[in-house]
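Undergrad: Sequence:
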Amino acid sequence: HIRTLLLTFFYRQTRELLERGYIYIAQPPLYKVKRGKQEQYVKDDEALFDYLTQCALDGATFYPAKEAPPISAKSLEELVQHFRRVEKIIKRYKRRYPSDILKRVAYMPMLHQEDFNNLPKIENWCRQLHLSLQQVDSKTEQYKVDIQKLTEGNQYTPKITVYQHGLENDIPMQVEFFLSKDYKEMVDLGHKLSNLIEEGAYIQRGDKSLPVENFEQVLNWLMDEAKKGQTIQRYKGLGEMNPEQLWETTMDPEVRRMLQVSIEDAVAADEIFTTLMGDNVEPRRDFIETNALDAENIDI
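Counting in UniProt numbering, the sequence shown runs from 1 upward without gaps.
Hints are not guaranteed to be accurate.
[Stated by the list, open to error] Distance ranges between label pairs, derived from CB positions:
(1) His130 - Gly239: 49 to 55 Å
(2) Gln148 - Ala73: 17 to 23 Å
(3) Lys91 - Thr14: 20 to 26 Å
(4) Thr14 - Ile272: 50 to 56 Å
(5) Ile272 - Glu67: 53 to 59 Å
(6) Leu150 - Gly239: 51 to 57 Å
(7) His191 - Glu16: 50 to 56 Å
(8) Pro69 - Gly166: 32 to 38 Å
(9) Gly206 - Gln148: 48 to 54 Å
(10) Glu185 - Pro243: 40 to 46 Å
(11) His191 - Arg20: 27 to 33 Å
[As the list claims (entries may be wrong)] Think about it this way: if two alpha-carbon atoms lie no more than 27 Å apart in a straight line, the pair counts; the simulated DSS-like pairs of lysine-lysine are:
(12) Lys144 - Lys184
(13) Lys208 - Lys149
(14) Lys228 - Lys37
(15) Lys43 - Lys159
None of these hints come from the bench; they were simulated from the model. Ideal Cβ placement from N, Cα and C applies to all residues, glycine included.
Please work from the sequences and hints to get the whole structure.
TA: Quick look at the structure:
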């Protein structure tokens, strides 16, 4: 990436500029959204989701059961935002715990610190999770939940075995995870949703509606509806902008967003440059093998 090359140059040739905080990076928008004759620039994925969420919720009504009154617009928005936060948590933990597991854990009873000394309670929790994972619709993966006794202290934690393509992968769940704010956020959402959606539930927006069985269907349908009639352009680089757009979005001192570069940023850039562009092939191969499955927005 050109930015990495430039940061590496500044770090190797003019380090004092970085140490004094004289180097800044202008932050161009990642998206342009056009609807009819109106268009606006959106800075990143998070801002795009927020924009589409507001579009989706405009005129949307959610009925949690066939004869039930709709939940309030404010409650629907709070659920959408909470669901989105949990989605990001699950994505952040995916290297450690597969998403199918965490999605089921969110609907389980919450475990507290003292529970890990209570073997019967952990056994019951693991039994419930095992039954829940048997319902995962997967043709390639199967799950088994066991109990693992920790070497230090009289504590027990869940251990999940994933069977995939004839291979076994043991995933011990750490006590620290269950004590984290992320875990609490997940279970809080699960408790909100566990008894919310009943038979006959549906989401309505304008004159369109869709029967739903879970909240993920609600959110996906709303986002699909919000995108209709809108053209979303993702910029791959500033070279795709004409001079007027570049000034309007990135260079105008009145509206531009600037990121000050620290020496730590430049050190990281230098390390990345050395890994990806250096003469030694082995670190580059290791980097690609480690990060290949996490790469997004790849053009082939």
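Undergrad: Which of the numbered hints above does this structure break?
TA: Hints 2, 3, 4, 8, 11, 13 and 15 contradicted; others consistent.
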